[in-house]
Amino acid sequence: FKCRMLQEAAAADVEIKMYREPPEGKYEVVLPIGLPDEGLVPWVDHFLEEHPEFVELSDRKIVDWAVRSGLVKTSPNYWKNSSERPDVTFGISVLDELGVRKVLGVLAALIPRNYVVLEVKSNCIKTEREEILSRFPAAQYRRVAHVAIGAPPSGWVQKLHDEMLQEKQQKLTAEWKLKQTMKPQGDEQKMEVDDSAKEESKAADEVKAEVKEEPGSDEPPNVQLTEEEKKIRYKPQAQPDLNEFALGQVMRLCALPAAEEGFDEVAFVWEDEAGAQDRIKSWVLERKATTCVQDLEPTQWFFAEQGEWHRQLQAWMILSKQRRALRGEDIPDGDEAPAPTSGIEEGDDS
Numbered sequence: 017f018k019c020r021m022l023q024e025a026a027a028a029d030v031e032i033k034m035y036r037e038p039p040e041g042k043y044e045v046v047l048p049i050g051l052p053d054e055g056l057v058p059w060v061d062h063f064l065e066e067h068p069e070f071v072e073l074s075d076r077k078i079v080d081w082a083v084r085s086g087l088v089k090t091s092p093n094y095w096k097n098s099s100e101r102p103d104v105t106f107g108i109s110v111l112d113e114l115g116v117r118k119v120l121g122v123l124a125a126l127i128p129r130n131y132v133v134l135e136v137k138s139n140c141i142k143t144e145r146e147e148i149l150s151r152f153p154a155a156q157y158r159r160v161a162h163v164a165i166g167a168p169p170s171g172w173v174q175k176l177h178d179e180m181l182q183e184k185q186q187k188l189t190a191e192w193k194l195k196q197t198m199k200p201q202g203d204e205q206k207m208e209v210d211d212s213a214k215e216e217s218k219a220a221d222e223v224k225a226e227v228k229e230e231p232g233s234d235e236p237p238n239v240q241l242t243e244e245e246k247k248i249r250y251k252p253q254a255q256p257d258l259n260e261f262a263l264g265q266v267m268r269l270c271a272l273p274a275a276e277e278g279f280d281e282v283a284f285v286w287e288d289e290a291g292a293q294d295r296i297k298s299w300v301l302e303r304k305a306t307t308c309v310q311d312l313e314p315t316q317w318f319f320a321e322q323g324e325w326h327r328q329l330q331a332w333m334i335l336s337k338q339r340r341a342l343r344g345e346d347i348p349d350g351d352e353a354p355a356p357t358s359g360i361e362e363g364d365d366s
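All you need for the numbering used here is the position in the sequence shown, starting with 1, plus 16.
Check before you lean on any hint, since a few could be wrong.
[Claimed, not checked] Within a straight-line C-alpha distance of at most 27 Å, the following computed DSS-like cross-link-like pairs (lysine-lysine) qualify:
| # | residue 1 | residue 2 |
| --- | --- | --- |
| 1 | K175 | K187 |
| 2 | K42 | K77 |
| 3 | K246 | K187 |
| 4 | K77 | K251 |
| 5 | K77 | K118 |
| 6 | K184 | K118 |
| 7 | K175 | K195 |
| 8 | K251 | K187 |
| 9 | K142 | K184 |
| 10 | K247 | K187 |
| 11 | K118 | K89 |
[As the list claims (entries may be wrong)] Label pairs and their in silico Cβ distance ranges:
| # | residue 1 | residue 2 | range |
| --- | --- | --- | --- |
| 12 | L87 | Q322 | 50 to 58 Å |
| 13 | L87 | E244 | 37 to 45 Å |
| 14 | N238 | P39 | 47 to 55 Å |
| 15 | E243 | G115 | 42 to 50 Å |
| 16 | E245 | K18 | 27 to 35 Å |
Since the hints were derived computationally from the structure, they do not count as laboratory data. Quantities reported herein were computed from a predicted structural model and do not represent experimental measurements. Even for Gly, the Cβ is constructed at its ideal location relative to N, Cα and C.
Generate coordinates for the entire structure from the input sequences, incorporating the hints supplied.
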């Protein structure tokens, strides 16, 4: 076995990118900020298409690098999997635990480049944003926040609808081609259709009822978006941006960025600051009705009120016992008021 250095690699096995010195002497680090499942990840993909000189720093990029290097990952755990924190299962502990994330964080500070830091949760929370910015000194980097919150522009929505229509047409075309191949076959031959064709047919069933095929047509029928689909503004993702625990943190701590945090520029790419703030408030109210917040802790006010309640309850129980004793009633053993407590007792699920 001979280990060859990177300089000896074949041109077909590497991707060469030339980085030029930035005109102002500073590279740029971009923090995209948006609400979970409201188009932030597709916005980053679009930004990278328009600015190929930027390098994305994220867990999903680490997974992409590993797959492109030939590693094979198994099916992820649905409950743990998210766009921000993929459930990595390569069978290599360093990768599965994403320890390489810390290494990249160190290297990014030592090797100046134009970076996009895709952290859906951390970029929404002020304290975590400040921690990210601390890795990129202002002497070397121009630090910019791009806020994609609120209603996206009409051009963005139209592009999304075009992509949805294209995917829908592909599903229908696959189903139409399958039907064409089955027409000349007998009943017994139809049962021998391979599994992959059946899967394509199953996927196409979603749009089958919406299109009426003209008899004798040599071309697959065209499809249109339904009224409900035309109302969609954010591209549906195969997996959520955040898991339930991280989502609860964003609900409580989400805040818009400000120049005081260390940003050289705060750009609102969809709605202005007022519109973005209104969307955050409405989003939090919507999520409160459906999201289980798992890291709530009682405040001192709760403990004070709980202690006062137990003291009042004990006083009532004493008065009740005195009244029953005056009546000559038997007082069963154990009929005592609970002692006041300063907090929730261990094992109390209430």
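Status of the hints after comparison with the structure:
1. K175 with K187: Holds: K175 and K187 sit about 19 Å apart, inside 27 Å.
2. K42 with K77: The hint holds at about 24 Å.
3. K246 with K187: 18 Å, holds
4. K77 with K251: 20 Å, holds
5. K77 with K118: Since the Cα atoms of K77 and K118 sit roughly 14 Å apart, the hinted pair holds (cutoff 27 Å).
6. K184 with K118: 41 Å, violated
7. K175 with K195: The given pair, whose Cα atoms are some 31 Å apart, is violated under the 27 Å limit.
8. K251 with K187: Holds. K251 to K187 sits at ~17 Å (cutoff 27 Å).
9. K142 with K184: 40 Å, violated
10. K247 with K187: Roughly 21 Å separates the two Cα atoms, so the pair holds.
11. K118 with K89: 21 Å, holds
12. L87 with Q322: 50 to 58 Å: Between L87 and Q322, where Cβ atoms are some 53 Å apart, the hint holds.
13. L87 with E244: 37 to 45 Å: Cβ of L87 to Cβ of E244: about 40 Å, so the range 37 to 45 Å holds.
14. N238 with P39: 47 to 55 Å: 48 Å, holds
15. E243 with G115: 42 to 50 Å: 48 Å, holds
16. E245 with K18: 27 to 35 Å: Since E245 and K18 have Cβ atoms about 56 Å apart, the given range 27 to 35 Å is violated.
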